[in-house]
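Engineer: Chain by chain, the residues run as shown.
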Amino acid sequence: MATIDTRVHATTVSERRELGPGVVLLTLDAAELANATRPGQYVMAIPPSGETAATALAVYETQGKLASLLFFTTGKRTRELAALHSGDRLDLIGPLGNGFDCSGDARDVAIVAGGVGIASVLLCAQRLVRLGSRVRLFYGARTAELLIESQRFADAGCELVETTDDGTRGAPGFVTDALERAPRPQAIYACGPTPMLRRVAQIANASGVRAQLSLEETFGCGIGGCWGCVVPLVRASVQAPSFPPAQAVNGDFVYARICREGPVFWAHELRW
Amino acid sequence: MSTVPSLAVRLGSLELPYPTLMGSGCYGTGEEFAPLADLTRIGAIVLKSVTRLPRLGNPMPRIVHTPAGMLNAIGLQNPGIDWYLERELHKYAERPCKLIGSVAGFSVDDYARVCERLAARAEIAAVELNVSCPNVASEGETFGCDPGLTAEVVRAARSTTDKTLIVKLSPNVTDIAAVARAAEAAGADALAVINTVRGMAIDVDAWRPRLGNVAGGLSGPAIRPIAVLAVYEAAQAVRIPIVGQGGIETLTDALEFFLAGASAISIGTANFTDPRVPGRIVTELQAYLARRGLADLGALVGKANQGFTTPHQYEGDEG
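Sequences listed follow chains W and E, in order.
Residue numbering for the first sequence follows the numbering used here, beginning at 1 and increasing consecutively.
Residue numbering for the second sequence follows the numbering used here, beginning at 1001 and increasing consecutively.
If you are wondering where the hints come from, they were derived from the structure by calculation, not from laboratory data.
Each hint should be verified, as a subset may be incorrect.
[Said to hold, decoys possible] Which chain E residues face chain W? A few, computed with CB under 10 Å, are given here:
| id | residue |
| --- | --- |
| 1 | K1048 |
| 2 | L1056 |
| 3 | A1073 |
Every residue gets a Cβ at the ideal spot worked out from N, C-alpha and C, and that includes glycine.
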């Protein structure tokens, strides 16, 4: 949920780097945001042109007064952000969302990232390594040049298992296949495309491993006001919004807002 | 002129310090936006519509971004009026601005019963009748697309409360003036013009509709010219005030609506671009009035009204 720190931050781009084809890393001078952000939280980037809806972006890394955003340019909104340069102003709403629970109880952890999902898990990986957990990163992308930042995770102390759909690097196939082949971890953290997350949930639920999934969806407002991004959740979940009993609505689930109650949900509590 | 121009507006018996309403379903309960916007600098929040029975809402996806706007099909997700009154509404009481309740329904009786109970609550300053939701298998919108049914709903709701009743009209009609007149005659205090425009988007990779509900409501700048014309037409048809809405993002947009005949405006989708938009419009509107030496908004309302182009220009033009 929105924390007391959530507000509009006026930030300045301090560095812009291209990490791969259409992959941009914006580092921002954003002391308060960097200080307030927990692993798995995101921001809504207000378009400088004012001509599109705000864009939800994971906070990739925080360091001192710097916060960075890593994203793939996929449409009009991300193209506008990708066109920013050092010195440009970027206003952000954040930090938003519940983020991952990185309490470090599990000693052997798997992080599963697919494509741009990698942007949501670096802070989580750093935290878990710091807490003394063994962290294996299962990281998949379509092709080798989109497997960005692997070294960054290796440097952070993660063991890497890479996959590409086309076999140009790492094991060929889906990252979830690699996860399934590997010895079971005690906990799973995952972010990526919905089909990947569904498969991670199946694997985790079948083996009784607790998995936290950071869901991706098209947002309207991104802050809980419009109910445009929902996911069916078991009513018993602590994240389930208050709603009339199942018999009154003919459904044993309730819709939770991905932006507000999430974006991180327990795999075993989703009813998708 | 040294006095600060007034932005106050009156809709029926409802007095607002600013002419800016936050559109229903676009501003949550106000709590979500409170850290991001100054709620003392907005006119009122129109709360999300509530129905007689609880509704889970539509399946995902519910939002699709489109050129200059977005499609939504939320499907009136709400806990129903019982739960809403018992467990939700009291939480909103501390908002530093007025709250307008919104009622949706599937029968005349639905509207009347929900309106009566909602309007009876002290937290609610006025009621908007949502007779134009396009996202519930066209049932909800049926009322707003028919002048006779609109009148029935308004008359039934009118008999339950003295608080200001705003009727939100659909743009998906042939003659919005006829619906506007029907609502006025049945006792509406104000009209909200317009709700979203029906639309659809298709995923050409998957060969299927992009919205879970197939059809949705288009909002944002894409529909602004449609909304300006609807306000212009409705304003000439009725004497009650109009709340203009549809893609308002800037002072210029707001001025278009006032000049077309709106007494107030409503801001919805623009809050998804930047929650500072309503505050900015209020500040700039005040400066605009001061610069022009105008004492209040009344000096703007409907001032672009020239009727319609005289028919003789087209006489003889058969091609």
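Engineer: Confirm or reject each hint.
Structural biologist: A quick look at each hint next to the structure:
no.	hint	in the structure
1	K1048	holds, 8 Å
2	L1056	holds, 5 Å
3	A1073	holds, 9 Å
Of the numbered hints given earlier, the model fails none.
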